[in-house]
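Engineer: Listed below are the residues making up each chain.
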Amino acid sequence: MMGHAHDPCAHCEEMMQPYLDHILNEEEMREAEMHLDQCEWCRRRYRFEESLRVYVRQAIREPMPAELKQKLAALRIPLD
Amino acid sequence: MPEAPSDATRIAAGARDRVRFEEEALALSEQVYRVARHVASSREDAEELVQETYARAFRSWRSYQPGTNLRAWLLRILTNLNIDRGRRAQRTPPMQGLEANDYFLYDRLAESDGGLSDEEKVVERLSQDDIVTALSAVPHDFRDVIVLVDIGDFSYQDAAQILDIPIGTVMSRLHRGRRILKRELAESVLEEGT
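In order, the protein sequence lines correspond to chains A and B. So for the first sequence, my numbering puts the first residue at 1; every next one is plus one. So for the second sequence, my numbering puts the first residue at 81; every next one is plus one.
Calculated from the structure, these hints are not laboratory results. It is possible that part of the hints are untrue.
[To be verified] Straight-line alpha carbon distances no greater than 16 Å define the calculated EDC-like cross-link-like pairs of lysine to aspartate or glutamate that follow:
hint, chain 1, residue 1, chain 2, residue 2
1, A, K71, B, E124
2, A, K71, B, E102
3, A, K69, B, E264
[Stated by the list, open to error] Estimated spans, in silico, between C-beta atoms of each pair:
hint, chain 1, residue 1, chain 2, residue 2, range
4, A, D21, B, R142, 29 to 37 Å
5, B, P146, A, E27, 35 to 43 Å
6, A, C39, B, E191, 17 to 25 Å
7, A, R53, B, Q237, 13 to 21 Å
8, B, G94, A, V54, 39 to 47 Å
9, A, A74, B, D87, 37 to 45 Å
10, A, Q70, B, P146, 22 to 30 Å
11, B, D87, A, D21, 48 to 56 Å
12, B, S140, A, C39, 52 to 60 Å
13, B, R142, A, V54, 35 to 43 Å
14, B, D97, A, E27, 27 to 35 Å
15, B, S140, A, A73, 49 to 57 Å
16, A, E14, B, A92, 56 to 64 Å
All C-beta atoms in this analysis are idealised placements derived from N, C-alpha and C, irrespective of residue type, glycine included.
Modelling step: build the complete structure from the supplied sequences, incorporating the hints.
Structural biologist: Dropping the structure here:
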């Protein structure tokens, strides 16, 4: 691949975010997957990133206070 | 020729549309709160922000176009109010020490864990507090994008519309923001380890 002929892992790293965001085109996707198939080093890092995203979403989930829900309902404009 | 609807019929139809709008908007409140909680600086701020958002949405419900993305419409109001409130930190500080690659956090965690451990276990070394604190340390411009895309599940396009910035800016902020988040996480873990 241009610019990364000597370091396929550096190129793979650049593709990680777009790969996980599903915005690579088909050819790039194939290229990333081909590299991941043979490279455990990158594969571990991709898996980590994926788990990290899920973990972050779970960690910051905080239920909405019930009183707030009631306050919002009270903001509704009364019918005439 | 059909008779023109009476005033009473028209008013009734208008009221029905409004009630439907209010109900649809309220059904999204959990999702709106989830975003608010992390773009605002505190829980109290988030609650106020959500209330202001709904008060404004209910007042200006007629400017919402039925069939378009109501959640994005509400969050557009919310992010504008958040900016208007002037409760944002000053502009983004310079990105000193931003790690050169995306594998940084994994490498640091795996390294301090003696190397070859399972990726999911490595993630679990981060506590919920670590994550909440790290996210709140990400500068606003970057955090807004992370919260909308990674937590609110908005597309790049929706996030661009909500924040009124070009899609390319959404992508670059997301990219940098995620790295800043990982740097913050790495720092908190390294601190705990010392």
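Engineer: Sort out which numbered hints this structure fails and list those numbers smallest first.
Structural biologist: As far as the earlier hints go, 3, 9, 14 and 15 are violated by this structure, in ascending order.
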